[in-house]
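> Here the protein sequences line up with chains A, B, C and D, keeping their order.
For this note's numbering, add 91 to where a residue sits in the first sequence, where the first one is 1.
For this note's numbering, add 91 to where a residue sits in the second sequence, where the first one is 1.
For this note's numbering, add 91 to where a residue sits in the third sequence, where the first one is 1.
For this note's numbering, add 91 to where a residue sits in the fourth sequence, where the first one is 1.
Honestly, the hints are just simulated from the structure, not real lab data.
A hint or two may mislead.
Identical copies carry no separate label here, and so any pair may be met within one copy or between two of them.
With a straight-line cut-off of 20 angstroms between C-alpha atoms, the simulated SDA-like cross-links for lysine to any residue are [unchecked claim]:
id, residue 1, residue 2
1, 312, 322
2, 312, 153
3, 157, 250
4, 312, 167
5, 312, 295
6, 312, 119
There are 4 protein chains.
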Amino acid sequence: MSDLGELRDEVYEANLELVRRGLVIYTFGNASGILRGEDLVAIKPSGVPYDALRPADLVITDLNGKIVEGRMRPSSDLATHLVLYRNFRSIGGVVHTHSTFATSWAQAGRDIPCLGTTHADYFHGAVPVTEHMQACDIEGEYERNTGEVIVRRFARLDAERFPAVLVAGHAPFCWGPSASAAAHTAVILEEIARMAYYTTTINASVQPISTALHDRHFLRKHGPERYYGQPE
Amino acid sequence: MSDLGELRDEVYEANLELVRRGLVIYTFGNASGILRGEDLVAIKPSGVPYDALRPADLVITDLNGKIVEGRMRPSSDLATHLVLYRNFRSIGGVVHTHSTFATSWAQAGRDIPCLGTTHADYFHGAVPVTEHMQACDIEGEYERNTGEVIVRRFARLDAERFPAVLVAGHAPFCWGPSASAAAHTAVILEEIARMAYYTTTINASVQPISTALHDRHFLRKHGPERYYGQPE
Amino acid sequence: MSDLGELRDEVYEANLELVRRGLVIYTFGNASGILRGEDLVAIKPSGVPYDALRPADLVITDLNGKIVEGRMRPSSDLATHLVLYRNFRSIGGVVHTHSTFATSWAQAGRDIPCLGTTHADYFHGAVPVTEHMQACDIEGEYERNTGEVIVRRFARLDAERFPAVLVAGHAPFCWGPSASAAAHTAVILEEIARMAYYTTTINASVQPISTALHDRHFLRKHGPERYYGQPE
Amino acid sequence: MSDLGELRDEVYEANLELVRRGLVIYTFGNASGILRGEDLVAIKPSGVPYDALRPADLVITDLNGKIVEGRMRPSSDLATHLVLYRNFRSIGGVVHTHSTFATSWAQAGRDIPCLGTTHADYFHGAVPVTEHMQACDIEGEYERNTGEVIVRRFARLDAERFPAVLVAGHAPFCWGPSASAAAHTAVILEEIARMAYYTTTINASVQPISTALHDRHFLRKHGPERYYGQPE
Chain A
92 MSDLGELRDE VYEANLELVR RGLVIYTFGN ASGILRGEDL VAIKPSGVPY
142 DALRPADLVI TDLNGKIVEG RMRPSSDLAT HLVLYRNFRS IGGVVHTHST
192 FATSWAQAGR DIPCLGTTHA DYFHGAVPVT EHMQACDIEG EYERNTGEVI
242 VRRFARLDAE RFPAVLVAGH APFCWGPSAS AAAHTAVILE EIARMAYYTT
292 TINASVQPIS TALHDRHFLR KHGPERYYGQ PE
Chain B
92 MSDLGELRDE VYEANLELVR RGLVIYTFGN ASGILRGEDL VAIKPSGVPY
142 DALRPADLVI TDLNGKIVEG RMRPSSDLAT HLVLYRNFRS IGGVVHTHST
192 FATSWAQAGR DIPCLGTTHA DYFHGAVPVT EHMQACDIEG EYERNTGEVI
242 VRRFARLDAE RFPAVLVAGH APFCWGPSAS AAAHTAVILE EIARMAYYTT
292 TINASVQPIS TALHDRHFLR KHGPERYYGQ PE
Chain C
92 MSDLGELRDE VYEANLELVR RGLVIYTFGN ASGILRGEDL VAIKPSGVPY
142 DALRPADLVI TDLNGKIVEG RMRPSSDLAT HLVLYRNFRS IGGVVHTHST
192 FATSWAQAGR DIPCLGTTHA DYFHGAVPVT EHMQACDIEG EYERNTGEVI
242 VRRFARLDAE RFPAVLVAGH APFCWGPSAS AAAHTAVILE EIARMAYYTT
292 TINASVQPIS TALHDRHFLR KHGPERYYGQ PE
Chain D
92 MSDLGELRDE VYEANLELVR RGLVIYTFGN ASGILRGEDL VAIKPSGVPY
142 DALRPADLVI TDLNGKIVEG RMRPSSDLAT HLVLYRNFRS IGGVVHTHST
192 FATSWAQAGR DIPCLGTTHA DYFHGAVPVT EHMQACDIEG EYERNTGEVI
242 VRRFARLDAE RFPAVLVAGH APFCWGPSAS AAAHTAVILE EIARMAYYTT
292 TINASVQPIS TALHDRHFLR KHGPERYYGQ PE
């Protein structure tokens, strides 16, 4: 990502990917991306339907949420995205959806256990759910505090190995090296959540897969020994 | 909404939105709108497939159901719509569907509990289900009495803060400031009902979200302090 | 229905409707129609994919299954259709699918209880499931005996008021005044089966709707007092 | 299948069929085919999105996995496919997906019981699940050992009568006389898995269908006495 024009295009495409994959309806959800170095964030404007969205409608802010470019209000979830960018220094994009199954696990207040290799290919363990937010956090700077409750949940987790979280009673936030990677994760997370739902209904006492299998799948796609895909 | 032509167009579009979003099949469902002041209601004709529907096919009636314009019979649910227009004075549109998940909760005779912020964004508490209708109400003016059982359920509820109801053993009715707003609510209600279904299956003892979280989300989209979306 | 050409067209269209509505994949399912008076039946050929099907491919047989026109083998379920035409004298079309939810109830060996007005609009009570077929019936003229087990299940049921059956361990057969009506019923049955599935999961002790409500909905669409739809 | 050009085309089409039927997203899944006699295998390259795939991108290997043609890495699951080709001598194609319901049964570690004739039409009994793989198998030649665990599960099963397996904690592998037949089986397996899920939820104590019914359906589509479809 070298300039703001490219950032706009990628964030715009990431927002549309959420629609194409059926993760959002009407004005639900939002994707953002950051130009590290310049610390500029591009995000979807609030409450704009996707089919009316143009790259020029994206709002550009700094890491404190001050608007640098754009005539519209940024997504009301901007403050949550900014907390993630400030705390997870390696990430380049954030996506928030209310996709059906991931949101259902978030509403249920349950981690999504790692029940198969589809999950292990993307997450190095269960998809974590946050604690329920307290009234003082909700009544204060709510969106910022949503970010803080995520960061607290990651006190002992690596955001690169766990590229998504479920906010209890709310919905998932996903991230990655870019906005498009974050959107990709949002699609995969929804499928993982769907299969975990059906799996636990078929077998209520199912156990997570073994550490050996988990590591094998995670590491064949990530890290120095990876051998999935084509050489870069 | 300033004249009957605009009303026809909006009600026509609201009917088509139900098809586009997969909420109705064949001749199921119906949308109507009202021109307050003139107290004229436009509603889908009974039993007409959506792909054959034209704006000119809509039936125009007064608030007592007397046909003012149109050659076809109005929807058999007209009398229910009229009771809602007479009792909920601020609403401008009504939509009735048999959408899968909302109807399943109605058939189950259960309120849809507020389990997350998606729900809280639109309803200020659980989506209410009516009592089961009595034989005397069913055998009398059934469709009108369907409206009356809804109105009784709203004795202590505000129709602006609860823009839908589940009629027990039947299906949802939704409303809003316009026919298109009512159709929008019908789409959201189906998604809320779907996620509540999956959530309660994942965690049978799940509790509704806190009042603090509920109020925060409802009020960030509604009322004088709202900050979601663009300024009007 | 006045001649064989019209019958071919209607049966062809009914077969395609099953594809459009997602009730069949590959070569699953089949629709037929009958020209009463001449007692000629048009049915889908066996094992032909829908996108390769032409009206001229339909096989025409008499009520004993003797081929009158057509070069291909008729559907292997022909003998079941013929038993239904011989025993249910008022029907004009038969449709067989393995649609997901209706088949799941058939596999579960359970009647679909009438839990709401969507169901009551089409069936005058639960959708009946047959008994499981005995080895002697299966090893003999299997497809004909499938028809016979349906007819036995209808010993005290009216095929006009119950336009479908679930064959235990197999799948639904639907019928109506024409092939297109039978296809319509197949679509509705799948939706009824889907909602009954979700309803009984939400509330395991749910009861069927009252007789009063049931009769009201069934009779507003059927019989001399009907007032749903437009006058014919 | 007479030459490598035809093999490429068929394997390419089989890969696309997985996309058209909704069995794969992004780079999930892979299909391969073999030219018996010459023992050449054509397989999807690793990590390539389906919409970018061209027939020329397929990788051609021998039965030991040595690349004969192609510039890209073959699917990381190649070694599993090769074990199947070496051990199941009559098969001509292999397909691997992470389709939702089949994968959920695999994650649950459960055979899919034969609950109806849809299943019996394709499998001569339950769809088998393998044992969970041991750490030593996972940490060694993982993909090859995945094939070996499948072969062990088939010690007393005929791969022609059971054209798919569920690898525990992973997902299904399907096969058939050709790549397109294997893709067809993958589609059917997903539907069978879906219906088995719903059936066991409706009736937790449901039993598999009788041997008589099972044999009837399997044998009317397979073997010398088959009478489903058109004569070949």
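> Against each hint, give a clear statement of whether it holds in the structure.
Results of checking the hints against the structure:
no., hint, verdict
1, 312 / 322, "within (12 angstroms within a copy, 45 angstroms between copies)"
2, 312 / 153, "neither (33 angstroms within a copy, 25 angstroms between copies)"
3, 157 / 250, "neither (25 angstroms within a copy, 38 angstroms between copies)"
4, 312 / 167, "between (34 angstroms within a copy, 10 angstroms between copies)"
5, 312 / 295, "neither (29 angstroms within a copy, 36 angstroms between copies)"
6, 312 / 119, "between (31 angstroms within a copy, 12 angstroms between copies)"
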